[in-house]
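Visitor: Residue numbers (my numbering), protein chains in the order written: chain A, 110 to 266; chain B, 110 to 266; chain C, 110 to 266.
One or more of the hints may lead you astray.
Copies of the same chain are indistinguishable here, so a pair counts whether it falls within one copy or spans any two.
As a list, the in silico DSS-like pairs of lysine-lysine whose alpha-carbon atoms are at most 27 Å apart [claimed, not checked]:
1) Lys261 - Lys223
2) Lys187 - Lys204
3) Lys165 - Lys204
4) Lys187 - Lys174
5) Lys261 - Lys196
6) Lys170 - Lys113
7) Lys170 - Lys205
8) Lys157 - Lys170
9) Lys141 - Lys113
10) Lys174 - Lys196
11) Lys182 - Lys162
12) Lys187 - Lys162
13) Lys199 - Lys223
14) Lys204 - Lys174
15) Lys218 - Lys182
16) Lys141 - Lys223
17) Lys165 - Lys187
18) Lys141 - Lys261
19) Lys182 - Lys113
20) Lys162 - Lys261
21) Lys187 - Lys199
22) Lys199 - Lys162
23) Lys170 - Lys141
24) Lys218 - Lys113
25) Lys165 - Lys218
26) Lys165 - Lys113
Hint data in this document are derived by calculation from the structure and do not stem from the laboratory.
Computed from a predicted structure; not experimentally measured.
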Amino acid sequence: MEDKSTIVVFSGDLDKAMASFIVATGAAAMGKEVTMFFTFWGLNILRKDQYVKTSKSFMDKMFEKMMPRGPEKLGISKMNFGGLGAKMMKYVMQKKNISTLPELIQTAKDLDVKIIACRMSMDVLGITEEELVDGIEYAGVATYLAEADQSKLNLFI
Amino acid sequence: MEDKSTIVVFSGDLDKAMASFIVATGAAAMGKEVTMFFTFWGLNILRKDQYVKTSKSFMDKMFEKMMPRGPEKLGISKMNFGGLGAKMMKYVMQKKNISTLPELIQTAKDLDVKIIACRMSMDVLGITEEELVDGIEYAGVATYLAEADQSKLNLFI
Amino acid sequence: MEDKSTIVVFSGDLDKAMASFIVATGAAAMGKEVTMFFTFWGLNILRKDQYVKTSKSFMDKMFEKMMPRGPEKLGISKMNFGGLGAKMMKYVMQKKNISTLPELIQTAKDLDVKIIACRMSMDVLGITEEELVDGIEYAGVATYLAEADQSKLNLFI
Numbered sequence: 110m111e112d113k114s115t116i117v118v119f120s121g122d123l124d125k126a127m128a129s130f131i132v133a134t135g136a137a138a139m140g141k142e143v144t145m146f147f148t149f150w151g152l153n154i155l156r157k158d159q160y161v162k163t164s165k166s167f168m169d170k171m172f173e174k175m176m177p178r179g180p181e182k183l184g185i186s187k188m189n190f191g192g193l194g195a196k197m198m199k200y201v202m203q204k205k206n207i208s209t210l211p212e213l214i215q216t217a218k219d220l221d222v223k224i225i226a227c228r229m230s231m232d233v234l235g236i237t238e239e240e241l242v243d244g245i246e247y248a249g250v251a252t253y254l255a256e257a258d259q260s261k262l263n264l265f266i
Numbered sequence: 110m111e112d113k114s115t116i117v118v119f120s121g122d123l124d125k126a127m128a129s130f131i132v133a134t135g136a137a138a139m140g141k142e143v144t145m146f147f148t149f150w151g152l153n154i155l156r157k158d159q160y161v162k163t164s165k166s167f168m169d170k171m172f173e174k175m176m177p178r179g180p181e182k183l184g185i186s187k188m189n190f191g192g193l194g195a196k197m198m199k200y201v202m203q204k205k206n207i208s209t210l211p212e213l214i215q216t217a218k219d220l221d222v223k224i225i226a227c228r229m230s231m232d233v234l235g236i237t238e239e240e241l242v243d244g245i246e247y248a249g250v251a252t253y254l255a256e257a258d259q260s261k262l263n264l265f266i
Numbered sequence: 110m111e112d113k114s115t116i117v118v119f120s121g122d123l124d125k126a127m128a129s130f131i132v133a134t135g136a137a138a139m140g141k142e143v144t145m146f147f148t149f150w151g152l153n154i155l156r157k158d159q160y161v162k163t164s165k166s167f168m169d170k171m172f173e174k175m176m177p178r179g180p181e182k183l184g185i186s187k188m189n190f191g192g193l194g195a196k197m198m199k200y201v202m203q204k205k206n207i208s209t210l211p212e213l214i215q216t217a218k219d220l221d222v223k224i225i226a227c228r229m230s231m232d233v234l235g236i237t238e239e240e241l242v243d244g245i246e247y248a249g250v251a252t253y254l255a256e257a258d259q260s261k262l263n264l265f266i
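Only chain A is shown next, with the shape it has when bound in the complex (with noise of 0.2 Å):
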């Protein structure tokens, strides 16, 4: 079976989000085996939107202070303008009747895209399990690469 879909979130912008998810949920439609690799900046994509108490070092907790928490807290990669331009975005596609991130993101668990927290990257930025939302899995590179290896369709996002 060499007929998988891997997509790699390396942003954790809501544009570029959205465009991963509504790849990973078409090819899902479509009857492909999807996985989505989150790695550095993408993991912010999965994090819980509450507040998780964890014991970290100065630095993590920095990190942790400065990334967005969850899709809803996302900017935009252009004309953000702290926040203004995601805000906008979001606005002009509820009216629209466009999906939300987090609609495509509960679209994707229900057709049973494989979502992947990259380890090596959470060990970077200081993010634990525990502040990620259920239901995904962990991983490193190796397993990443033998994914893609059975993908014809293989991005970086």
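Given the structure of chain A, go ahead and fit chains B and C onto it with the hints provided.
Guide: Leaving out everything else, chains B and C in the frame of chain A:
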């Protein structure tokens, strides 16, 4: 036939747009069927440079005004300094006789590269068909995935 | 042989450079032939860290001075805050015993990852061969496309 090349052009930066068209025209020149799927900020590359009168909501007008109108107005992804960096890069390229983005776009059309604008992104950003250049197609993620499925080379830029 | 892995390294950000080399060295360690094609800002990753005397036009000198000289000088793509973010990330990685970018580059060389600098981008940014590290190759988009054509895994980072 599974030997196509398909590029998602998500970015609307001059440098990334150039990279997209250099790969696309290179592959087409080598005899490949090439599809470029323009989504989100990438749509700005396809905008006509003159103003097009449209009736839009206030929010859609905002996006229209703030986004660059066509290849000559794009910034670069690093060191843009309010457009100065893009000017510098274009000046240097002209001096050195390197193809400009508008020339690359023309070459792509001459080589029958298929240029598709993403309908959903047009909807999100409030961009209408009249605002985009002629000779392109309009489609959604299903069309992208069908092209990608027939492609050996898939990139997201 | 169509089982290679080819990565276009367009970005010159520390975090994306690390992601590129982690994928490249991982794939090479699994026995794949890997090619990394460095273009635009990605060329900065290959710059020698010491100053190299060259005779250049004023514009080329401007780019030379403004762009980071080698892997130790790169910023990160988010929350860089004038280099502070990159320093934080490097500090944290050292504390946690995670390979640094210079170490990953060395590993890539040891594993015979093919490192190619894009001639056209060097021309655009005015970068000369003497300014780049030893042991790399120089080529254009045709070479990239030939490698990509033999690759199952193609990424643009």
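Visitor: Tell me, in ascending order, the numbers of any earlier hints that this structure violates.
Guide: Hints 5, 6, 19, 20, 23, 25, 26 not satisfied by this model.
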